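Visitor: Chain by chain, the residues:
There are 2 protein chains.
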Amino acid sequence: MKQIDKYLPFVLQHENIARIEDDALLVGDRRLYPFKKEFYRCEDLEGAAEAIEKMVTQGGGPVHVAMTAIKLLAARAEAGKSAKDADLFEQAKQRLQRSRPTNTTMARALDVLVARVTAGIEKGQNIEQIAEGFINAFKEEYQQNALRMAEVGASLIADGDGVMTMCFAETSFILSIALAMEQGKQIKVYSPETRPYFQGARLTAPCLQEIGADVTLITDSMVAYMMSQGKVQKYMTAVDIITRDGWAANKVGTFQNAIAANYHGIPYFPFAIDPDIGRVGRDSIVIEERDPEEVKRVKGELTTREDMQAYYPAFDIVPPHLIAGVITPKGLVSPYQLEQVFGERV
Amino acid sequence: MKQIDKYLPFVLQHENIARIEDDALLVGDRRLYPFKKEFYRCEDLEGAAEAIEKMVTQGGGPVHVAMTAIKLLAARAEAGKSAKDADLFEQAKQRLQRSRPTNTTMARALDVLVARVTAGIEKGQNIEQIAEGFINAFKEEYQQNALRMAEVGASLIADGDGVMTMCFAETSFILSIALAMEQGKQIKVYSPETRPYFQGARLTAPCLQEIGADVTLITDSMVAYMMSQGKVQKYMTAVDIITRDGWAANKVGTFQNAIAANYHGIPYFPFAIDPDIGRVGRDSIVIEERDPEEVKRVKGELTTREDMQAYYPAFDIVPPHLIAGVITPKGLVSPYQLEQVFGERV
Numbered sequence: 111m112k113q114i115d116k117y118l119p120f121v122l123q124h125e126n127i128a129r130i131e132d133d134a135l136l137v138g139d140r141r142l143y144p145f146k147k148e149f150y151r152c153e154d155l156e157g158a159a160e161a162i163e164k165m166v167t168q169g170g171g172p173v174h175v176a177m178t179a180i181k182l183l184a185a186r187a188e189a190g191k192s193a194k195d196a197d198l199f200e201q202a203k204q205r206l207q208r209s210r211p212t213n214t215t216m217a218r219a220l221d222v223l224v225a226r227v228t229a230g231i232e233k234g235q236n237i238e239q240i241a242e243g244f245i246n247a248f249k250e251e252y253q254q255n256a257l258r259m260a261e262v263g264a265s266l267i268a269d270g271d272g273v274m275t276m277c278f279a280e281t282s283f284i285l286s287i288a289l290a291m292e293q294g295k296q297i298k299v300y301s302p303e304t305r306p307y308f309q310g311a312r313l314t315a316p317c318l319q320e321i322g323a324d325v326t327l328i329t330d331s332m333v334a335y336m337m338s339q340g341k342v343q344k345y346m347t348a349v350d351i352i353t354r355d356g357w358a359a360n361k362v363g364t365f366q367n368a369i370a371a372n373y374h375g376i377p378y379f380p381f382a383i384d385p386d387i388g389r390v391g392r393d394s395i396v397i398e399e400r401d402p403e404e405v406k407r408v409k410g411e412l413t414t415r416e417d418m419q420a421y422y423p424a425f426d427i428v429p430p431h432l433i434a435g436v437i438t439p440k441g442l443v444s445p446y447q448l449e450q451v452f453g454e455r456v
Numbered sequence: 111m112k113q114i115d116k117y118l119p120f121v122l123q124h125e126n127i128a129r130i131e132d133d134a135l136l137v138g139d140r141r142l143y144p145f146k147k148e149f150y151r152c153e154d155l156e157g158a159a160e161a162i163e164k165m166v167t168q169g170g171g172p173v174h175v176a177m178t179a180i181k182l183l184a185a186r187a188e189a190g191k192s193a194k195d196a197d198l199f200e201q202a203k204q205r206l207q208r209s210r211p212t213n214t215t216m217a218r219a220l221d222v223l224v225a226r227v228t229a230g231i232e233k234g235q236n237i238e239q240i241a242e243g244f245i246n247a248f249k250e251e252y253q254q255n256a257l258r259m260a261e262v263g264a265s266l267i268a269d270g271d272g273v274m275t276m277c278f279a280e281t282s283f284i285l286s287i288a289l290a291m292e293q294g295k296q297i298k299v300y301s302p303e304t305r306p307y308f309q310g311a312r313l314t315a316p317c318l319q320e321i322g323a324d325v326t327l328i329t330d331s332m333v334a335y336m337m338s339q340g341k342v343q344k345y346m347t348a349v350d351i352i353t354r355d356g357w358a359a360n361k362v363g364t365f366q367n368a369i370a371a372n373y374h375g376i377p378y379f380p381f382a383i384d385p386d387i388g389r390v391g392r393d394s395i396v397i398e399e400r401d402p403e404e405v406k407r408v409k410g411e412l413t414t415r416e417d418m419q420a421y422y423p424a425f426d427i428v429p430p431h432l433i434a435g436v437i438t439p440k441g442l443v444s445p446y447q448l449e450q451v452f453g454e455r456v
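Line by line, the protein sequences are chains A and B.
Per the working numbering, the very first residue in the first sequence carries number 111; after that it's consecutive.
Per the working numbering, the very first residue in the second sequence carries number 111; after that it's consecutive.
Isolated chain A, as found in the complex (with noise of 0.2 Å):
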């Protein structure tokens, strides 16, 4: 297979996502890249959940964190420092699972690797090996997906290409964009800057200029001028939930973007492992509202009145008849398909 680090910019290399050293869990700062290169430091489970909900780490970062929590917490059982009990899993699952509720892929691992560790305590196995172990394998899983997503999202670009994106697509789309590039292809790239968090401004156009792409930073105002100019070919982003009916969620303006892309003849391709199979239509999925003072703000500096009301819902949804095709691991399916192609995995 591939290895696919060396196309990887420094925040999507798996060690600088999250790591145990010294009994601690070491989250990569999201936050402060791309001015520093610097690790949050998790002293315990409740630790690890905070860096989740203050977006220490965020898109398909959590799920390696929360794994690596559960990991952390088995070793110390093994090790004889807390109690080897099942309860305190189950609640520390729950605690991880409540940090991002929009976040399925983490809740949908979390359920697995808990489950595992449960039944390990049953049997009186060694719990810190089950977790490496299923840590180990869906790392494995989730960088051979990442490929053959790639893979797929390079198929699609041709050269000249401008490709739209939003928020911080992560490892399939930052690869798509590095494969295409050594397919010889010329492609400019267009990062919407992602307010309130600037994940487009401070992740996605700092990593693909490390990768040598030819990016521009943009507001999520720019979006459908940019593409009324001729300069969009394609629009690719994450999904943190796509249903097994083609609804997908993702940060917010993911949305309008979409709609903007319709009207102009853009297709819209979002990148998903797979459906969450047990969600069908868009009042399914949870919208995760985030407190509203973060929209009031930049980097702690008010923007507007102390006192003015605001509102921060954290993703929006697109319905499939905006979705050109979902780039899977399993290829490009359609938004109408996915249950068909996915169902045996339920």
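These are calculated hints, taken from the structure and not from any lab test.
Incorrect hints may appear among the rest.
Identical copies look the same in the list; a pair holds intra-copy or inter-copy alike.
[Said to hold, decoys possible] In silico lysine-lysine, DSS-like type, Cα no more than 27 Å apart, as pairs: (1) LYS147 - LYS409; (2) LYS164 - LYS146; (3) LYS233 - LYS116; (4) LYS409 - LYS146; (5) LYS164 - LYS147.
Quick caveat: nothing in here was measured; it's all calculated off a predicted structure.
Since chain A is already given, all that's left is putting chain B on it; use the hints.
Guide: Frame of chain A, contents of chain B only:
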């Protein structure tokens, strides 16, 4: 005629936009609002042009600042402090017109004002009085037009409506909300922050709060989501230009919001005193491209890498088929009928 000042927030009261004091031009500094109510002092014509370029004032402000700058020049000529020379006024006009190329309201007002001043110089008349007379008549007509547009705007807002706006739609819009509230209608207004200059966060939301309206600040990426939740029944903005065949330029983002409104069946009503009758079609509008550094920073602080490539088109253009009707002093006019309704003014 109804006195409109009592309905208006601080920044929109006429004497707080531009006035002459102690042989200098004072411009209400909208960059500091709502945190400070201060005035930017321009010592000469160049200072006034720079104030407009630096967005000390914006939207409907530049036309008043530019005309007042011409009046200051005329006053100085009459006082013998500078030459009473037509070329000087012609150069001043051109300098001011270059300061915001998309703002044709300012350009057209300056053309008429400077033509009158030049004629006055030829005839040996008092050009300070000529300038003052023109400006007073302009202001009176401006306020009457704003009131008529606001009456139309208020009549389009129904009890219980949610109204989306963009950037800072100035007197006509704020007054529409004030009049609708006076009519006893319960209204919610949603104000996107309007990156990179935050006119929504700094001007629109605080102005609406100041007049007691129920306003909620969102980011520019949340517009379509709010619409999808059924919270928005009307979309209303100012325009910087509307051509005689109904192409409307306004702050970048206005276009993608109009696409999202159309997608959700929400009517878009821009405010315009009159069309720019000399312009036809999208290509007749010059889109000002501002310094891309502004996209990379918030209050001077970088949001991305220093060496990042960025792009800053300041406006975008809404096609007539996305406009439900133009709110004008002559009532609600179809974007396809502007030429018939306003043609006699050519």
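Visitor: Indicate which option fits the pair LYS409, LYS146 if close means a Cα-Cα distance not exceeding 27 Å: within, between, both or neither.
Guide: both (15 Å within a copy, 20 Å between copies)
Visitor: With identical chains, the pair LYS147 and LYS409 could be close in the same copy or across copies; at 27 Å between alpha carbons, which is it: within, between, both, or neither?
Guide: Answer is both; intra-copy 18 Å and inter-copy 24 Å each pass.
Visitor: Can you give me the call for LYS233 and LYS116, within, between, both or neither, at a CA distance of at most 27 Å?
Guide: neither (40 Å within a copy, 78 Å between copies)
Visitor: At most 27 Å between alpha carbons: which applies to LYS164 and LYS146, within, between, both or neither?
Guide: Within one copy, since 17 Å is at most 27 Å while 31 Å is not.
Visitor: Is it within, between, both or neither when you check LYS164 against LYS147 at 27 Å Cα-Cα?
Guide: Within one copy only: 17 Å inside a chain, 35 Å across chains, cut-off 27 Å.
Comparing the model with each numbered hint stated earlier shows that hint 3 is the single one that does not hold.
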